[in-house]
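Protein sequences, first through last, are from chains A, B and C.
Residues 150 to 462 (our numbering) are what the first sequence spells out, left to right.
Residues 150 to 462 (our numbering) are what the second sequence spells out, left to right.
Residues 150 to 462 (our numbering) are what the third sequence spells out, left to right.
Among these hints, one or two may not hold up.
Heads up, the list lumps identical chains together, so a pair's fine if it works in one copy or across two of them.
What the hints assert, rightly or not - In silico EDC-like cross-links for lysine to aspartate or glutamate, where the CA-CA straight-line distance does not exceed 16 Å:
#	residue 1	residue 2
1	Lys309	Asp192
2	Lys331	Glu390
3	Lys188	Glu457
4	Lys188	Asp252
5	Lys347	Glu365
6	Lys347	Asp189
7	Lys187	Asp252
8	Lys188	Glu306
9	Lys331	Glu169
10	Lys309	Asp243
Source of the hints: derived by calculation from the structure; they are not laboratory data.
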Amino acid sequence: MQRFVLSHPYLLSSEDLSVEDVSLIFERTRFFENNSSKKDVYDDLKGYTVALAFFEPSTRTKFSFELATKRLGGECISFSTTSSSMTKGESLIDTLHTLEAMDVQIFIVRHSASGVPLLLQRNTSKIIVNAGDGRHEHPTQALLDSYTIFKHFGYLENLKVAIVGDLLHSRVARSNYLLLKKLGALVGLCGPGTLLPKFHNSWNVTVFSDIDKVIEWADAIILLRLQNERMASGLVPSVSEFAKFFGLTYERISRKPELVVLHPGPVNYGIELEYEVANLPNVLIQTQVTHGVYVRMALLSLLAKTYEFRRLR
Amino acid sequence: MQRFVLSHPYLLSSEDLSVEDVSLIFERTRFFENNSSKKDVYDDLKGYTVALAFFEPSTRTKFSFELATKRLGGECISFSTTSSSMTKGESLIDTLHTLEAMDVQIFIVRHSASGVPLLLQRNTSKIIVNAGDGRHEHPTQALLDSYTIFKHFGYLENLKVAIVGDLLHSRVARSNYLLLKKLGALVGLCGPGTLLPKFHNSWNVTVFSDIDKVIEWADAIILLRLQNERMASGLVPSVSEFAKFFGLTYERISRKPELVVLHPGPVNYGIELEYEVANLPNVLIQTQVTHGVYVRMALLSLLAKTYEFRRLR
Amino acid sequence: MQRFVLSHPYLLSSEDLSVEDVSLIFERTRFFENNSSKKDVYDDLKGYTVALAFFEPSTRTKFSFELATKRLGGECISFSTTSSSMTKGESLIDTLHTLEAMDVQIFIVRHSASGVPLLLQRNTSKIIVNAGDGRHEHPTQALLDSYTIFKHFGYLENLKVAIVGDLLHSRVARSNYLLLKKLGALVGLCGPGTLLPKFHNSWNVTVFSDIDKVIEWADAIILLRLQNERMASGLVPSVSEFAKFFGLTYERISRKPELVVLHPGPVNYGIELEYEVANLPNVLIQTQVTHGVYVRMALLSLLAKTYEFRRLR
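Next comes chain A alone, as it looks inside the complex:
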């Protein structure tokens, strides 16, 4: 019998996903993508209420989950620290239990502190999805990145994918690294020595010291956003210095136009990427955003199925 549920009724880390889970998610993503022009409203989340708990500002991830929920027939409730009574000092776990008691079944959580989604998952039987926690993980970004690369090439096995930029502080880098390795890709890392994770030696990766070597090696590269905070912190000598060694210029990409380029957005133009590069055919930043909605529809749909399946057992 074919599996139709995921290993877990939550997603905190790329490590929660088996290869079979990813296959299921990609298959369902493809279905939603293929039927997108029909403007259908699905009923996968009919009767479900999804809490969008974004404790950090967000445009694309929050709207992506919101649209995914609504297109599956679910209801959203949104809250921010400023408008909710979290200002009264109400704890996160109390708020979780309160919403649970109101029959909210899915919690999409973004928080500046690593581990908040795990803390919540330990305290509930409901569905928790990590939408980015501190420097830890952002697994739905990794899913949509892998889906985008997979769809472009038709495979991931032994494909050379490099992650470029501030690897040390990036939750996108960590989730992508874990997922790409699991799916059989060869992973390369490239960034300033001050921004390499300390433990990268134990990771089975190739490390590159400048972007030209990475471009030569890679089939696809994922550029990371350089956070403003980092620029001010002394870890990067100067922004122009960073751009010189690690920025993707028009001149650089011209040498290998077949190279596939991803970026989680929002882009700092002139730093990670020259403005002229953004509209080249193999620069898939807009495609990533489009896939993001379908991947999250697929994920939420399968998590709800997994949750129901376990409840009935």
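Chain A is fixed; fit chains B and C onto it per the hints.
Okay, now just chains B and C, sitting in the frame of chain A:
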């Protein structure tokens, strides 16, 4: 002929409700509760637009009304002072009339000033629901508390219910006192002398000076939240002093495990209630939250019926 | 064959509208108005997602568009600069492209800078609606004002309509002037010399130096809101001075009770308008609000049709 509408097409105070009104509301609440697993979307509010006008931060009450509205098929619009043009100095009554002109029929109002819901009701023929006004009233909290106690015991007549804590400043206390008396319960009050309402002598209540005596007397107790402001105001000598005489400890509840405990939330653990107490079977804080949605569905459904009935007469 | 689409799949300025466009919009507005009691939900925007991008605080315009969208079966997403990652320095155009990639098809934009809607329209093939940009234009306000006057009189041709107040800074004045001229009305202007647009000599208008002369001349007057900023800027000697020469008092309107009065709201009572005037039968401020929702439903419905029609060609 059986009544099927309420006495008034609004709810500003527990005093607006007759005993028959409460029966109607509880009956409909029970219906929604019994059918909750079906994930039905009802159409009691189809074509209705509900304005959530929360001028104080709130998590549970706001979401409770929002979910109640959506599960009845109604539309919500939310506004806060910061994002609306109330910052332009637009008056509350002007905003009321503006939304009325847009065919908004139900206004759920929370405000730090006592009397704001009454002010609005005097200026409209639409439905106004008080979701907490200053130190005045919070009648839907009283409805859900009474429903929770009623459901547990099967009756309210002559049941001994105590309200414990900062009685002076609490809109929850006032609304509960009024509703419980109306429904035939015997009401006890317990709190520091500085936090007793001045006029409690004229209320037909028993007053207790410490929580041990209340526990002995009561069948159910409603703990009130000690507001942070109060702690700083000099009305309470110290938080630990308050907790010593009025906090529900594990040791205290162990002497009478059948005692039913309610709290409107969010709880200040270690002050009104020890953390260990929260998960005991007769501590119904989560149940109150769950009932809150059903009670508000019932209320909104009946208010809409009452409004239509009066309009057609 | 009768036309059933608009000249453009966007609305940035009253100048984008032909006389035939306005006829189409008014006809559809009338349809929605006539069927308003039925509480129907239409499907004109089924499958459409509308972004409400209000970068200035707003109550009436934002809710008007939100309700119009929902009553047409569309989904809304709202964002403000504070909660979105615009705080990360993400540019407006990037945000536009991100939402476009998520299949958002309609953007309702309010911004303090003139020209922002035009900038966005130049960068997208999706539908942009100007909901007020700086001192430039507010074309849907003009549509609802013209509809309100047209409905009252049954015609606009040669009708005398005066715009009174701070003409210099008003986007409402500009959009109304352009639309009223196009529809054949005779336009009068009245305001302090310091608040007259410099180029009014080239406009084909009659200028009046005080409100008494305007009242005598006009069939209908549109009062403008005096912005608080203006009062502080020295352009108006004093608020009471302004009210004395340009405020509509009860005494003044009593001399011509058949005069039709409009105001975009929120009103500064005692400045543009005495409180007692607001409830007179020919003061149509609440009617404007009601018409606002129907006009915006008509506009969004026709823009969506126009967009589809062009896409299929």
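Hints and how they fare:
For the identical chains of this complex, Lys309 and Asp192 are neighbours neither inside a copy (38 Å) nor across copies (47 Å), given an alpha-carbon limit of 16 Å. Proximity of Lys331 and Glu390 under a CA criterion of 16 Å is satisfied in neither setting, with 34 Å inside one chain copy and 57 Å between copies. For the homomeric pair Lys188 and Glu457, the shortest alpha-carbon distance between copies (13 Å) is at most 16 Å, but the shortest distance inside one copy (26 Å) is not. When the C-alpha separation of Lys188 and Asp252 is checked against a cutoff of 16 Å, the pair qualifies only between copies, where the shortest distance is 10 Å, while the shortest distance within a copy is 28 Å.
Taking CA atoms no more than 16 Å apart as the test, Lys347 paired with Glu365 passes in neither setting, with 25 Å inside one copy and 62 Å between copies. Proximity of Lys347 to Asp189 under the C-alpha cut-off of 16 Å is found in neither arrangement, the shortest distances being 47 Å within a copy and 52 Å between copies. Taking the shortest alpha-carbon separations for Lys187 and Asp252, only the inter-copy value of 12 Å comes in at or below 16 Å, while the best intra-copy value is 31 Å. In this assembly of identical chains, the alpha carbons of Lys188 and Glu306 never lie at most 16 Å apart, being 34 Å within a copy and 43 Å across copies at closest.
With identical chains, the CA atoms of Lys331 and Glu169 are at most 16 Å apart within one copy only, with a shortest distance of 11 Å there and 61 Å across copies. For the identical chains of this complex, Lys309 and Asp243 are neighbours neither inside a copy (45 Å) nor across copies (29 Å), given an alpha-carbon limit of 16 Å.
Of the numbered hints listed earlier, those contradicted by the structure are 1, 2, 5, 6, 8 and 10.
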